Amino acid sequence: MSQLAIKATGISKQYQIGTRQKGAENLRDILTQSLTAPFKRAMRGLRGDANIETHTETLWALRDIDFDVQAGDTIGIIGRNGAGKSTLLKILSRITEPSSGTIDLYGRVGALLEVGTGFHLELTGRENIYLNGAILGMTRAEINRKFDEMIDFSGVERFIDTPVKRYSSGMILRLGFAVAAHLEPDILIVDEVLAVGDAEFQRKCLGKMQDVAGQGRTVLFVSHNLNAVLNLCKRGLYLKNGQVVASGTAQEVIQSYMSTVASIDLDAEHITDLTTHSGRHIGMKSILKSINLINENGESARYFNTGDTIQVDIGYDCGEERCDFITVGINSSMGERVFTLSTLYTPNAPFSFVGKKVIRAIIPQVDLAEGDYNLTLTMGKHAVGNIDTIDSAINFTITLNNYFQTGVVPSQGAGYWMKKSEWMLLE
Amino acid sequence: MSLTQTTPYLQIRATKGWANLRLREVWQYRELLYFLCWRDIIIRYKQTVVGAGWAIIQPVLSMIVFTLVFGGLAQIPSDGVPYPLFSFAALVPWGFFSGAFTRASSSLVSSANLISKIYFPRLIIPTSAVMAGIVDYLISFAVLVVMLWVYVAFGQSAPFIAQFTAPLGISPYDIPQMQAISINWLWLPYLTGLAFVTTLGVSLWFSAIMVRFRDVRFIVPFAVQLWMYMSPVVYPSSLIQNDTLRLIYGLNPMTGVVEGFRWALLGTDTQPSLIIIASSAVAVALLVSGAFYFKKQERTFADVI
Chain A
1 MSQLAIKATG
11 ISKQYQIGTR
21 QKGAENLRDI
31 LTQSLTAPFK
41 RAMRGLRGDA
51 NIETHTETLW
61 ALRDIDFDVQ
71 AGDTIGIIGR
81 NGAGKSTLLK
91 ILSRITEPSS
101 GTIDLYGRVG
111 ALLEVGTGFH
121 LELTGRENIY
131 LNGAILGMTR
141 AEINRKFDEM
151 IDFSGVERFI
161 DTPVKRYSSG
171 MILRLGFAVA
181 AHLEPDILIV
191 DEVLAVGDAE
201 FQRKCLGKMQ
211 DVAGQGRTVL
221 FVSHNLNAVL
231 NLCKRGLYLK
241 NGQVVASGTA
251 QEVIQSYMST
261 VASIDLDAEH
271 ITDLTTHSGR
281 HIGMKSILKS
291 INLINENGES
301 ARYFNTGDTI
311 QVDIGYDCGE
321 ERCDFITVGI
331 NSSMGERVFT
341 LSTLYTPNAP
351 FSFVGKKVIR
361 AIIPQVDLAE
371 GDYNLTLTMG
381 KHAVGNIDTI
391 DSAINFTITL
401 NNYFQTGVVP
411 SQGAGYWMKK
421 SEWMLLE
Chain B
428 MSLTQTTPYL
438 QIRATKGWAN
448 LRLREVWQYR
458 ELLYFLCWRD
468 IIIRYKQTVV
478 GAGWAIIQPV
488 LSMIVFTLVF
498 GGLAQIPSDG
508 VPYPLFSFAA
518 LVPWGFFSGA
528 FTRASSSLVS
538 SANLISKIYF
548 PRLIIPTSAV
558 MAGIVDYLIS
568 FAVLVVMLWV
578 YVAFGQSAPF
588 IAQFTAPLGI
598 SPYDIPQMQA
608 ISINWLWLPY
618 LTGLAFVTTL
628 GVSLWFSAIM
638 VRFRDVRFIV
648 PFAVQLWMYM
658 SPVVYPSSLI
668 QNDTLRLIYG
678 LNPMTGVVEG
688 FRWALLGTDT
698 QPSLIIIASS
708 AVAVALLVSG
718 AFYFKKQERT
728 FADVI
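First to last, the protein sequences are chains A and B.
First residue of the first sequence: 1, per the numbering used here; consecutive thereafter.
First residue of the second sequence: 428, per the numbering used here; consecutive thereafter.
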């Protein structure tokens, strides 16, 4: 029978989001308020109570969170931006206090909210290892013992006595991670430190975290990267608007996240207006007016699964001018063109566009790898070329969601296309 | 994995009212205190030409200016001690106070990145900033001792020197006889401790307030200047004759420190018995109240910084 590592009971966190002044009726009120407000604020601040004034807006970043983590479990915390993931992380790592509730932690806690916290650019790599190690809670003896290992891991041994300000950003990152990787707490709390650095660095980090999890330590991992959560975590916790919506195995929780994410989008604005879009190329005419993405259920969406059919609705207004083609380019988040669709590549597509209309492009079975993508739209004439081009006209996210039905998730760098294939042994 | 009886246990919850100082935890983090202090010391004079020489140049230049302005032009009395020595004996502890206080009061704000990314007892930040000032203090103290010995040697060899300076109309006998070392030096560690406690106490207050009100950044330099004139740095406290006034004056802990320094090193008859008791009491009160105020504010640092 496993033992409890973390027990959170009724955790809430309330933030004050700026004070709103009572309405000022006339100039005299405004003047007296501007004169007395600093003193009122100062007195309040000196007394240390934040909520004494009634006209203070508050926000519940977390509300009544309960969860348990067994020792040796790896648990992934997912949710959209602003769901309360970071707040929960900050409370667990004791950076800030909860407004109410208790958390019992059994074991030494190490928190990694950033790689290389407290690095000083004037100090050498060697000096920064000691400083950073001490900040993370290691003793000097512990750092001494692991020092050579850390330098090996970082791969910057040649520059270890050079001030860090002469390092490349990648070297600083590697050095920071080398120290962090040698932290040996019973409970490890990790933020999206994996979101930085190149693919190879991310793989290294992920590998190290798998090691940690394999050693029977408790790992709490907050991420946007569902892929990484699926890879790393046995269990999951889905936060939405400061509350726990789902908890269970990582697979279940991610499923539940995906299904709600689609429904959230229905509440959101359906159609993206392109009339004044910042991605429009300089000198282009504003004839592309709107764009929308639609999922298989006919709903407006920005999140899709690998293999889904995606419909792209493009609104245009050419006026009197006749246009000859419309092109849609799909780019990865790194800016690489993954593929391009065009009316020109399609035998029976419309070939002349006038006036104000909406055209729909259907892309069957988009077998894209997990990640964020964006669309480049172009409209033009044969004789003239492009009349309107917009980069990043709209963004969308693809999730693998057990596309291969094996539970196996391809590692990073497996390419943009997820292709099903058949295999057989030949006699 | 089996958890034994020795598994560390911790409960996180909202602290209410006047918080426990949790000094035991500060002690557990003493190595971090050491490393932050060490960082401050080696960073301070990085990429300067003179380096730690600034720890000497700053007080020496102040002494020269004070000697010209206050000792020379304003003819302020100096308890029978040469004015340069008189002012330098004050500038050594005062320089520690003003430098450490200025740096420590902004230490939390300049460590915002640490505070929002990792937990450790926040008391460590201003404490290490104040402690890092001790190195400069020791360097300038050494200069003070050398300066004292030069004066003493000069006074002792007065008959010899007089042969040469007599034609110039200068008499070396004007220099009062001072002791190269005396039993009163034993008071110096206590006075240093008093300066440390005072600096830390004020720094805890100001650094915690600055997290919420950056106005403090503008107040500190002004407060330091004002405080200097309220302490007997450029003038002797013997100018204040009334006993009651002297006691009130002694409520400024830096008065006790500065007068104590002059008495112990230069043998001025300002033995600070009464003043030092008042100063010590106020310094301790500042430190204790500062620590509690700091601890009470600490819980919101990460949210407002």
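Mixed in with the good hints, there may be bad ones.
Which chain B residues stay away from chain A? Per the calculated CB distances, all over 12 Å, these [as the list claims (entries may be wrong)]: (1) Gln-438; (2) Ile-470; (3) Val-562; (4) Ala-580; (5) Gly-620; (6) Arg-644.
Here are the simulated DSSO-like cross-link-like pairs (lysine-lysine), alpha carbons at most 27 Å apart as the crow flies [stated by the list, open to error]: (7) B:Lys-723 / A:Lys-240; (8) B:Lys-544 / A:Lys-204; (9) A:Lys-165 / B:Lys-544; (10) B:Lys-723 / A:Lys-146; (11) A:Lys-7 / B:Lys-723; (12) A:Lys-7 / A:Lys-165; (13) B:Lys-473 / A:Lys-165; (14) A:Lys-289 / A:Lys-204; (15) A:Lys-208 / B:Lys-544; (16) A:Lys-7 / B:Lys-443; (17) B:Lys-544 / A:Lys-7.
Rough simulated footprint, nothing fancy, chain B against chain A, three-plus residues with beta-carbon under 8 Å [claimed, not checked]: (18) 88-96; (19) 105-119; (20) 130-136.
By construction, these hints were calculated from the structure, which means they are not laboratory data.
As the structure is a prediction and not an experimental result, all values here were calculated from the model.
Every residue, glycine too, gets a C-beta built ideally from N, C-alpha and C.
Each hint, compared with the structure:
no. : hint                  : in the structure
1   : Gln-438               : violated, 5 Å
2   : Ile-470               : violated, 5 Å
3   : Val-562               : holds, 17 Å
4   : Ala-580               : holds, 41 Å
5   : Gly-620               : holds, 26 Å
6   : Arg-644               : holds, 15 Å
7   : B:Lys-723 / A:Lys-240 : violated, 31 Å
8   : B:Lys-544 / A:Lys-204 : holds, 22 Å
9   : A:Lys-165 / B:Lys-544 : holds, 21 Å
10  : B:Lys-723 / A:Lys-146 : violated, 37 Å
11  : A:Lys-7 / B:Lys-723   : holds, 26 Å
12  : A:Lys-7 / A:Lys-165   : violated, 42 Å
13  : B:Lys-473 / A:Lys-165 : holds, 13 Å
14  : A:Lys-289 / A:Lys-204 : violated, 44 Å
15  : A:Lys-208 / B:Lys-544 : holds, 21 Å
16  : A:Lys-7 / B:Lys-443   : holds, 21 Å
17  : B:Lys-544 / A:Lys-7   : holds, 22 Å
18  : 88-96                 : holds (count 7)
19  : 105-119               : holds (count 10)
20  : 130-136               : holds (count 5)
Checked against the numbered hints given earlier, this structure breaks hints 1, 2, 7, 10, 12, 14; the rest are met.
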